[in-house]
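K.L.:
Can you build the whole structure from these sequences, using the hints too?
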Amino acid sequence: MSMEAAGWRPKSLLPKEDGAQATLLFVIAVLAFLASLAAIGAIASERAAEGWRDQLIGSATVLVRASGLESADAAAARAAETLAGVRGVAEARALDKSKGDALVARFIGPDPLPADLPVPRLVAVDFASANPASVADLRRALEADGLDATVEDHSLWTAQIMRTGALARWAAIGLFLLISGAAGALVAFATRQGLDARRDLVEILHLSGASDSFIARLFQTRFARMAALAGAGGGAAAALAAAGLHLYGKGQSVAAIMPVAWTDLTATLPCPIIAALIAAVTARVTAQAVLKNAP
Amino acid sequence: MPISTLMSRNPSAESHQNDPSGDSAAVRFAGVSMAYGREAPVLRDVSFSLAPGSFHFITGASGSGKTTVLKLIYMAERPTGGRIELFGQDLTSLPRNARPAVRRRIGVVFQEFRLLEHLSAFDNAALAPRIAGRKPASYSADVAELLGWVGLGSRMQALPNALSGGEKQRLAIARAVVNQPDILLADEPTGNVDAAIAQRILRLLSELNRLGTTVLIASHDEDLVARSGVPVLHLSEGGVTRFERGRERVA
Chain A
0 MSMEAAGWRP KSLLPKEDGA QATLLFVIAV LAFLASLAAI GAIASERAAE GWRDQLIGSA
60 TVLVRASGLE SADAAAARAA ETLAGVRGVA EARALDKSKG DALVARFIGP DPLPADLPVP
120 RLVAVDFASA NPASVADLRR ALEADGLDAT VEDHSLWTAQ IMRTGALARW AAIGLFLLIS
180 GAAGALVAFA TRQGLDARRD LVEILHLSGA SDSFIARLFQ TRFARMAALA GAGGGAAAAL
240 AAAGLHLYGK GQSVAAIMPV AWTDLTATLP CPIIAALIAA VTARVTAQAV LKNAP
Chain B
0 MPISTLMSRN PSAESHQNDP SGDSAAVRFA GVSMAYGREA PVLRDVSFSL APGSFHFITG
60 ASGSGKTTVL KLIYMAERPT GGRIELFGQD LTSLPRNARP AVRRRIGVVF QEFRLLEHLS
120 AFDNAALAPR IAGRKPASYS ADVAELLGWV GLGSRMQALP NALSGGEKQR LAIARAVVNQ
180 PDILLADEPT GNVDAAIAQR ILRLLSELNR LGTTVLIASH DEDLVARSGV PVLHLSEGGV
240 TRFERGRERV A
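Chains as they are written, first to last, in numbering that gives the first Met the number 0: chain A, 0 to 294; chain B, 0 to 250.
Read the hints as simulated data drawn from the structure, not as lab findings.
Misleading hints may appear alongside valid ones.
[As the list claims (entries may be wrong)] Here are the simulated DSS-like pairs of lysine-lysine, each with C-alpha atoms no more than 27 angstroms apart in a straight line: (1) A:Lys10 <-> B:Lys134; (2) A:Lys291 <-> A:Lys10; (3) A:Lys15 <-> B:Lys134; (4) A:Lys291 <-> A:Lys15.
P.N.:
See the structure below:
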C-alpha cells in the first residue's frame, strides 16, 4: 500500500466555509445569546414571582385607627396582642409610627404631618407555616375586641403577581420559540443557498450514486457543527451578561423583577445542543425537500 | 480500483454483442424522444440496444443529441417519451429512491471532467466507494493502485487545478471506474487532450472493456472513431441513422 493510501483520511465533501457562512455563524450566535437571556429571564422571573407569593401568603398587614379615647399607638399595641393570640398566627407586631407616615407621605408629600392628623398605625402579622390563619379569622378577632381596623387581603395581590409571573414566563418561552424559529429559518435559507451554490457538486454526488439522504447529511452535519459553535459562543456571552447582572445587583437582583442567581447561568449550558439540533433538523428537512426536485 | 479483482473478471463482451433478442441488453432505447422545455426535440423516436460488455462510439454533429443519450442513461434527464432500460431495469419508471443503486452500476466521464476542485486527486478518485459507504481502509489501496494505473501515481495529492488537461481526463476516468461499474459512459473523453493522450485514453477504455465493462463513448472526432474500429451509433436529425459494422439491432 502506498504512503498516500496508508495515511489517507477522507476530506469533507463540502468545500470549507466561505464568508457568508461566517456571517451566518455570527447571526446564530447572536440569536443564541438572545435565547439564552430569555431563558435566564424566564427562570429569574419565575423565582421572583414565587418569592413574592410566599411573602404575601405568609403575612398580612392590618391598619389600626384610634377609637374613642384610646390613642392609635395603644390601639395598635392591643391589636397586635389580639392577633398574636389567634390560632395560625406566628407573630404580630405593631410597627413604628414612621411606617404609617411613610404610607401617607406617598399621597400628601414628605413634609411633616400635623400632630393631630389621625394617621393609622400598622400591625404586621406573620402566619404560621402550618395551618395559617385566614384573613377572616383576623377580622373576627379584631371585631370581637372592638378595634377599628382593616385587614389588607394580600390574596388579591398574590393572584396578580402569579399572573404577572406566568405572563413573564410565557413571554420568555414565546421569545425563545420565536428566536428558535428565526434560527431555523436562517439555516433553511442558508441550506437552500448552499445547495444552489453547489449545484454542480450535488449533481456529481447524485450521479456517483449518492442518495438524497447522503447529500442532506453533509449539509446537516455542516450546519449542526456551525450552530453548536455559535450556540456555545452565544450561550457563553449570555452567561457572562447574566453574571454581570448578578454582580451588579450584589447578589440580589438588578431589578426586583429579575433576581438573577448563579444557578440560572446553567440555563445556557444546553444552548449548543439545542442550536445544533434545530440546525440539524432544519438543514436536513430543507435539503431533502430541495433535493427531491433534483435529477 | 481493485485492478486485480477486475482482471479476474471473465470478459464476455463478444458473447453478448450478437444477442438477437436484446433481452439481456445492457442498454435499450425503445422509441425514446427528448426535448428540453419547449425547444424542438433533440431525440425523436430513437431505438437501439447495446449488448453487455460491448464497446460503442456514438457520433453525430454538434447538437445531434450525443450527450443527451448519455444523460438519459445516467438519469440526469428524463425522456419526454419512450422507454429506456439499463440491464433490464426500466429507468423511466424507476422510483427516486432506487436511482442511487442503479447509478452505482454506471461510471460517467464528463466532457468538462467535473472534478471536485476542493478535493485532491486521491479524494476525487475515491468518491464512488466513499458514497457507497465503504470503509476507507477497504478501498484506499485500490484507489492508489488505480491512480498508478492511469499514470497519476505521483499526483495523488494534487488538486485538480494543478493537473494538466490529460491528467484531469485520466483522473475523471479513474473516478468513473473505481467502483467497477457495469457500464462506462464517456462524453468526449478525448476532446480536451492532444492526439497522443487521446490514443492513450482510448487504449485505457479498451482495456476496461476487454475486462468486461460495457463502454459507450460520445465523440465528434470522426478520425478517432474510424481508427478505433469499434461499432458506431450515428445520430442525425434526432435519431439513430445507422449502426456501422451492422452488429447491433436497430429499430
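K.L.:
Can you confirm whether the C-alpha distance between lysine 15 of chain A and lysine 134 of chain B stays at or below 27 angstroms?
P.N.:
holds (23 angstroms)
K.L.:
Hinted pair, alpha-carbon criterion (27 angstroms max): lysine 10 of chain A, lysine 134 of chain B. Please report holds or violated.
P.N.:
With a Cα-Cα distance of about 14 angstroms, the restraint between lysine 10 of chain A and lysine 134 of chain B holds, given a limit of 27 angstroms.
K.L.:
For the pair supplied as a hint, lysine 291 of chain A and lysine 15 of chain A, is the alpha-carbon distance within the 27 angstroms limit?
P.N.:
Judged against 27 angstroms, a Cα distance of about 25 angstroms means the pair holds.
K.L.:
Going straight from one Cα to the other, do lysine 291 of chain A and lysine 10 of chain A come out at no more than 27 angstroms?
P.N.:
Since the Cα atoms of lysine 291 of chain A and lysine 10 of chain A sit roughly 26 angstroms apart, the hinted pair holds (cutoff 27 angstroms).
Hint compliance for this structure: every hint is met.
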